[in-house]
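Chemist: Protein chains in written order, with our numbering: chain A, 1 to 499; chain B, 1001 to 1083; chain C, 2001 to 2285.
Check each hint, because a few of them may be wrong.
[Unchecked claim] In silico lysine-lysine, BS3-like type, Cα no more than 30 Å apart, as pairs:
hint, chain 1, residue 1, chain 2, residue 2
1, A, 235, C, 2162
2, A, 286, C, 2281
3, C, 2234, A, 260
4, C, 2278, A, 287
5, C, 2201, A, 451
6, C, 2179, C, 2281
7, C, 2262, C, 2244
8, A, 451, C, 2281
9, C, 2278, A, 286
By construction, these hints were calculated from the structure, which means they are not laboratory data.
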Amino acid sequence: MNKNEFVNTLPKFSGANEYKKVERKLVNKKATSSTVKFLKSMPEAFDELKISDGMTLSFHHHLRNGDYVQNMVSEEILKRDIKDLHYAPSSIFPTNEILCKLIENENVTTIDTNYLNGPVAVTIGEGKLKNLLYLNTHGGRPRKIESGELPIDVAFIACPTVDKNGNGYGGKGNAACGSLGYAHSDLEYAKKVVLVTDNLVDKLDRVELDGKYVDYVLVVDSIGDANGIVSGTTKITRDPVGLKIARNTAKLIDELGLVKDGMSMQTGAGGTSLAVAACVKDYMIKKGVKGSFASGGITSYFVDMQKAGLFDELKDVQCFDIGAVESYNTNPSHHGMSGSKYGNPYDDPVVDYLDFVILGATEIDKDFNVNVATDSYGKIMGGSGGHSDTAHGAKVSIITTNLIKSRLPIIKEHVTTITTPGEDIDVLVTERGIAINPKRVDLLEKLKDSKLPLKTIDELYDLALSITGVPNTLPTHNDVVGVVQYRDGTIIDKLYKIY
Amino acid sequence: MKTAQAGSVESNDCLVTVSEASANEIVISSIVDAFFHSQIENVIKSTLEELSINNVKVEIMDKGALDYTIKARLVTALERMGK
Amino acid sequence: MRRSTLFIPGNNPAMLQNADVFGADAVIFDLEDAVNITEKDNARNLIHYYLATHSNLPMEVVVRINGLDTTFYQKDLEAIVSDNIDTIMLPKARVEYLVKLDEILTRLEKERKLTKKIKVLPIVELAISVLEVNEVVKCPRVDGVLLGAEDLSSDMEVTRTKEGKEIQYARSAVAMACKAYQLDAIDTPFTDVNDPEGLCKDCGNAISYGMNAKAAIHPNQLDTINELFLPTEKLITWALRVEKATAEYAAKGIGVFSLDGKMIDKPVMERANKILVKARKFGAI
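Model the full structure from these sequences, guided by the hints.
Modeler: This is the structure we're talking about:
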């Protein structure tokens, strides 16, 4: 069976609420043990763990573009020329470029991840990965692991600080990254768990990764480059178009009655998203509103809002900057959460309690389907991350984007790749108007006297094309290189080889 | 050989170079070529036609310019060449 | 009637393409200071073809040409005078230049069979122009005056400050002349785009001298300007009460009455009316 035929045998997406009809599948957690074995080198780890052809190895991406751990493992695989491995990192960054070689040599032949950009994405887009790329969501990955659909032989968990009992914590050490949310499922469900650290201490006061699940601790010189892990500061955009979008978004949120006591929200870390947060903050202060929580990847911006008393707590799956890491260490209202608790549809996830979420889009179509996985040429450049999870969970999901980027209209007749289904997207805010998903009659009703520039998405589409001209449609691609898995595991779209 | 330039390679702009040739020739390089190649070509052709020009080579390096920008840059380049 | 005017550099396609989204009452497409002298032709053509494909812009279209003391202005006018523009902004305005500009515009309007009469916004930015301002406002087509404090300060050899004591006289003179002829008195831009508080204070200063609009050099300044140059909610509420009471008393044949213990007579009613006209025009009521 070739890849195209195989993909057609996988269950297809048929609705964002279909998961409710399927019972949660849970396999047993891994065996616990009161002892851990300390390893001195990667070769020793490979020998001890008997890493061999066909195994599944997992990693997390909390060290982002500063990660050394996945690369160290990859180098050892290259040396030993182990074949046909299944890699399951929660994300892949440009720094993981060595993986390209492993793909070309067929050392790695299947990949599961939630987000990827850089050379590895290019290599996969060139059709070089022997089997499939499975693009999951942040909530879908833990679901896939706990259900046994993604069994992991060995989890290599980069951990900034580890104690002598094998307990781990992410907020301290040279490679401090804060919350280790995406590593929890790997810790609990992998057959074998190795914590890789460069900071071994006698005893940790605060533990995030429980040593009872840990089989080995590998101590190395350095697990990551601090400069690539967290950015110094996250900044609000100064771009006037981005700010205009942000102001209108905040106004809309206010008019929808979402600025109220107990409110909860999430935004991305991009400049426009932070500008929305800044504008919402002003409304909260003006109205004297106190929110319950802000969640997601946490930035200093939300840390400051929480400190100013605007939210009871922060629910943090991943720290985006140094300010967030510091707060994670010291602020008792700054709580870590696992990827599963964040977005797993079966884990009563935090996303289900969000009042609203601000999200981006590479493309959106007339049915409100969103693409954040590929560009308009079909080239892989991202992935859902928490997009589909939050869009489904939040009461109101809002896409903010420029209507036109470099002459390309962002609204399409059909998106190149569906990552988040239109049924989960409620609002699109652009600099030239706001479109409400017609399915949300309740929102339209609330906005009926609004002075905001409300338009239908078809009107915005026509407006964009009247400015740019009608773009040619590209020839369709035929050779499947991967699939986009919705959070319940069903296939919502395919990824193709591009020429 | 007479040649002239107008525009820039800033985003949403384009750099147009014109030079004398025996017949019209258009060379397009664009960041949105896959989507707008024919539209860019049409603007250039119709502009040359409007000005009854049939002996220039037009080279455009496009960074996502809209039609009116392409036309303006082309006209300026031609004016600068003395057309 | 304007609250805000936004300068957009004439040779910048990226900014041009979003000129209409920021809510400026008027956009000034600049062929003068924002365009290098080697790129004047490029900018003229760009603005020309931009406007040719945008005949339905939601705001007043103003083009700042180069001064009549330069060699550029004739080509500027040749390139941009059409039904697609509303207004010419004239830098370094003098009475003699305004007269000459009127002649050229009259000729071009006739030759090109324009369906509208183009207005002129002179910039008062020379000491001599401040002295002439009472004549400037009487020139044909003049529809308002922009005070240009940067060039004026240089002409006066004084340091430009955020507080603006150095332009008190010019602000008063421009506001007085404009108000005398019911024209817009447009205040000089606040040049520090990263100082929103300074912008607020500067707007307050301008308003206190009688300026009724302000130029912006960055789109991010527009929301503040548009808000501050609208009558406050308190004033609007007061004006609405005056309007209502005036109508009620008028029905009884009473022309002067008292409201909250204060006498309401014709000048007060007119002031209330002006507030309401403005508030209604800009959607504040």
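Chemist: Now, for every hint given, state plainly whether the structure supports it.
Modeler: Right, here's what the structure says about each hint:
Proposed proximity of residue 235 of chain A and residue 2162 of chain C is supported: the alpha carbons are some 27 Å apart, at most 30 Å. Restraint check for residue 286 of chain A and residue 2281 of chain C: the C-alpha separation of about 27 Å stays at or below 30 Å, so the hint holds. Restraint check for residue 2234 of chain C and residue 260 of chain A: the C-alpha separation of about 26 Å stays at or below 30 Å, so the hint holds. Restraint check: the Cα-Cα separation between residue 2278 of chain C and residue 287 of chain A comes to about 28 Å, which is no more than 30 Å; the hinted pair holds.
Distance hint between residue 2201 of chain C and residue 451 of chain A is fulfilled; the C-alpha atoms sit about 28 Å from each other, no more than 30 Å. Between residue 2179 of chain C and residue 2281 of chain C, the direct Cα distance comes to roughly 19 Å. Compliance with the 30 Å bound is thereby established for this hinted pair. Only pairs whose Cα atoms come within 30 Å are accepted, and residue 2262 of chain C paired with residue 2244 of chain C is accepted, the gap being roughly 15 Å. With a C-alpha separation of about 14 Å, the suggested pair residue 451 of chain A and residue 2281 of chain C falls inside the 30 Å cut-off, and the hint holds.
Taking the CA atoms of residue 2278 of chain C and residue 286 of chain A, the gap is about 26 Å. The hint holds against a cut of 30 Å.
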